[in-house]
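S.K.: Chains A and B supply the protein sequences, listed in that same order.
Here the working numbering is used: the first residue of the first sequence is 586, the next is one more, and so on.
Here the working numbering is used: the first residue of the second sequence is 586, the next is one more, and so on.
Read the hints as simulated data drawn from the structure, not as lab findings.
Owing to the predicted nature of the structure, the values given are computational and were not obtained by experimental measurement.
Be careful, since some hints might not be right.
The list makes no distinction among identical chains, and a pair is therefore deemed to hold if it is satisfied within one copy or across any two copies.
[Unchecked claim] The list that follows gives simulated cross-link-like pairs (lysine-lysine, DSS-like), each with its CA atoms no further than 25 Å apart:
| # | residue 1 | residue 2 |
| --- | --- | --- |
| 1 | 845 | 919 |
| 2 | 986 | 912 |
| 3 | 912 | 649 |
| 4 | 1058 | 1026 |
| 5 | 690 | 703 |
2 protein chains.
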Amino acid sequence: MNKPAKTEPNAITTRAQDYSQWYLDVIKKATLAEHSAVRGCMVIRPHGYAIWEKMQRELDDRFKATGHENAYFPLFIPLSLLAREEKHASGFAKECAVVTHHRLKSVNGEIVPDPESKLEEPLVVRPTSETIIWEQYKSWIQSYRDLPLLINQWANVVRWEMRTRLFLRTAEFLWQEGHTAHATEKEALEETWRMLEVYADFAENVMAVPVIKGRKTEGERFAGALETLSIEGMMQDGKALQMGTSHYLGQNFSKAADVKFQNREGQLEYVYATSWGVSTRLVGALIMTHSDDAGLVLPPKLAPVQVIVIPIFKSPEEQARTSEEAKKVAAELKALGVAVKVDDRDGIMPGAKYYEWEGKGVPLRIEVGPKDLEKGSLCIARRFVTEIKGESPEDQRRRRKAFLPRAEAIASIVPTLAAMQAELLEKARQARAARTRVFDKLEDYEKFFKDEGGGFAWVHWAGTAEQEEEMAKRFETSIRCLPFEDQVPPEAKGEGVCILTGKPSKQRVLMAKSY
Amino acid sequence: MNKPAKTEPNAITTRAQDYSQWYLDVIKKATLAEHSAVRGCMVIRPHGYAIWEKMQRELDDRFKATGHENAYFPLFIPLSLLAREEKHASGFAKECAVVTHHRLKSVNGEIVPDPESKLEEPLVVRPTSETIIWEQYKSWIQSYRDLPLLINQWANVVRWEMRTRLFLRTAEFLWQEGHTAHATEKEALEETWRMLEVYADFAENVMAVPVIKGRKTEGERFAGALETLSIEGMMQDGKALQMGTSHYLGQNFSKAADVKFQNREGQLEYVYATSWGVSTRLVGALIMTHSDDAGLVLPPKLAPVQVIVIPIFKSPEEQARTSEEAKKVAAELKALGVAVKVDDRDGIMPGAKYYEWEGKGVPLRIEVGPKDLEKGSLCIARRFVTEIKGESPEDQRRRRKAFLPRAEAIASIVPTLAAMQAELLEKARQARAARTRVFDKLEDYEKFFKDEGGGFAWVHWAGTAEQEEEMAKRFETSIRCLPFEDQVPPEAKGEGVCILTGKPSKQRVLMAKSY
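Isolated chain A, as found in the complex (with noise of 0.2 Å):
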């Protein structure tokens, strides 16, 4: 068992000094999560709880808005069923956990398994609920009019991992799973690629990560899957990361289950089955994207708290009227729909409150002091401001402290907070693009990988899934998608020839080191 770690705020590894350190540091000081008495599992504390619900209510309005409606199926899957379609079953058999007993006995004073409560099938914790799903499907489906089936889980699922990373890559996660069923191969298509399009928005305009659209090579395809979509975005340290993966799965499953419809013209026919999905590694994503060496930085439209008002005061006289203050902002911006909060409490310098809130990455702080009260004014503090050339710290500094009369303050909230969410985004905008390169020879490109610290290559390929391989091992890259036509730049349009083989090549691909 792991010992559960310490939770005082500490001071954050620089990016610059131990990028891997610097991402742990920073959801420790926010307290985002840490781990658990359970190998690989996570334990999310309520400030990453809070983001991730965030994130649920976004994307759960948006399955609705797209005529999905919510469900709940078994945690459980009886081995024979996962069995079923074989591809799949061998694609997830390294990392399933299995129920073998269901129940408990003590022997000689230890409690163990009880051998006689030894189950007939063993259960698998699911990995995923393609086969869970459709064999309940079965007795859903009889006619086209019961087409399309458009059902959305929100689901713990485990996929027993080695090596975890807080968020990314974890035992047990959270995430939802979407699984539609349709009459004809176009719907379901129509299907895999809108939901792409949903995920891509969220991204974008929620979590304020641009993305590249794309498809999977065939061997980054799900287990089952005739194809793959998925939107990559980049993080602080160039690699990429997959966000969400939108699959067509053709009739490979309704096959498995042997689910059949009645179609229009009276003929059985083999149903058509998408299925998609997002998971906590979100948080992941949205961290490593915007924080900064102080700790997390967080899009506005995904703070818990966008607002942190903190009395200032050195008596309990002005701590009675900053106080009182302090919550009168408070309910103001309330009613404006501000996510706001008061930290009033007794015993802490503000100084170390700054520091606490800065770390969780609150998007505005206000500060409300005697001199504040007297001059009719408040002091509002960004957690970050877009950079300029050039600018000094002071500078810079002073750009992030503004003073303003109350009524302007109090007015320039909401503004400024979508201000905030739009400057992340063409921040993170540029930072991709700065490393964001189009190469034609193999050496540019090692040399970009290996001594400039990479990012994504834009190349022409036409090898073979070895010598994908070979990529890999060479250079530590993938391609992460064969990109949506408007999703490659002017630059990288257009035909040329594969950067490994010399092979004519019609478009490029997006390659990148990745998590």
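With the hints as your guide, set chain B onto chain A.
M.R.: Relative to chain A, chain B alone:
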């Protein structure tokens, strides 16, 4: 593996014929849930899940309003951790699903758990999370400043059950579990009582189910608790259903996990704990309290669809006009905050639609026919009306349907929904009152439970645990709770003598058969 149920809406067995079958028929007709391919695990279908989501939202708002935050802890509990609190472990030992392997492999073409992947320590799928959560709290709590710690988790849990019943008893179920830590016994007890009040408020004011609040006897306490409080509702067959529990855990779990804090005096002390939970069982309680022989009846506050609007037409021209008006009506109701849906499906007769939505418990139906358009009126049909004694079925049917001028009809919807919510609670109160008795003689008690169908019985009790078991064997009844003083009706107040032993007793207890 069970064969999943067929989904065609069937006629419903009446309550008088067969209450158990009626319950299953209501669930089937309303498409709330069904059995799955996994023994004891249910599938919650979209309409059932939508009710649970409404419950979750209402409860979650109340938890947050009382200062709680959500978090997420691992699904798995190492066996040694579960075993630490002895009573707790032995209380759950007989119903634990145990994970013993983490990989599958193919042996002679058959997929089996890979013997080489056997876990060093088996993992229990959480039946409840006290042990894993308190292990984590160890690093979260150092000083009285870290208290109270008020955490809630929404999760799935598994308690292996051989005899299952949809919603009421299933191997896997969904629930919330609050786990709080406090500096003093007094604060922890206050929290235990506070959360029971939250549950009672939710049951009565949202579910429209009146409940009795009280303490459980020692034998009925949660494994590891010093005090268990519960709310008990009465179902239409007169049986009690435990709808929610709130436990005072004292220092049992903090001692087992060694969680100490420095109090204001600088001394180290073990933390005081509570836990409390409600589950998808509440959906079962909802069904069994309000539904009738035509199917599900939902209190408007928990109805995913509060109003269904159905256009009625015989020609394409009529279809166009009535569908347009139906959509207009729906838009106007949506603007008033009503959850409304238009059923303009083609090729299904209006009567079949009425039947379907009635079975799904939608409180109000609006019919839009060509004549209504001409007259500028709307037909509003209630799912139920409060019965008037001696009224003929025809008279009641007439009261259920009102033809109102359009504007008046629209304006009536919100108040009518509120009235229906209140009527359901009142109806449930009266049904409970009609089956509640005060007994002093065992022969009257016996007659009530053996010949008259039973219900709630207020009796004096001063027996032992063995004598409680005697009551269970003779009458299938148990002490549902030792009621809070204000829960006892006037006619049941005062001292007396135990109904079984004749020993003096200070207060009556609540006895009933139960689920």
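S.K.: State for each hint whether it applies.
M.R.: Structure-based check of all given hints:
{"no.": "1", "hint": "845 to 919", "in the structure": "neither (52 Å within a copy, 37 Å between copies)"}
{"no.": "2", "hint": "986 to 912", "in the structure": "within (21 Å within a copy, 50 Å between copies)"}
{"no.": "3", "hint": "912 to 649", "in the structure": "between (36 Å within a copy, 18 Å between copies)"}
{"no.": "4", "hint": "1058 to 1026", "in the structure": "within (18 Å within a copy, 85 Å between copies)"}
{"no.": "5", "hint": "690 to 703", "in the structure": "both (12 Å within a copy, 19 Å between copies)"}
Hint 1 from the list above is the single one not met by this structure.
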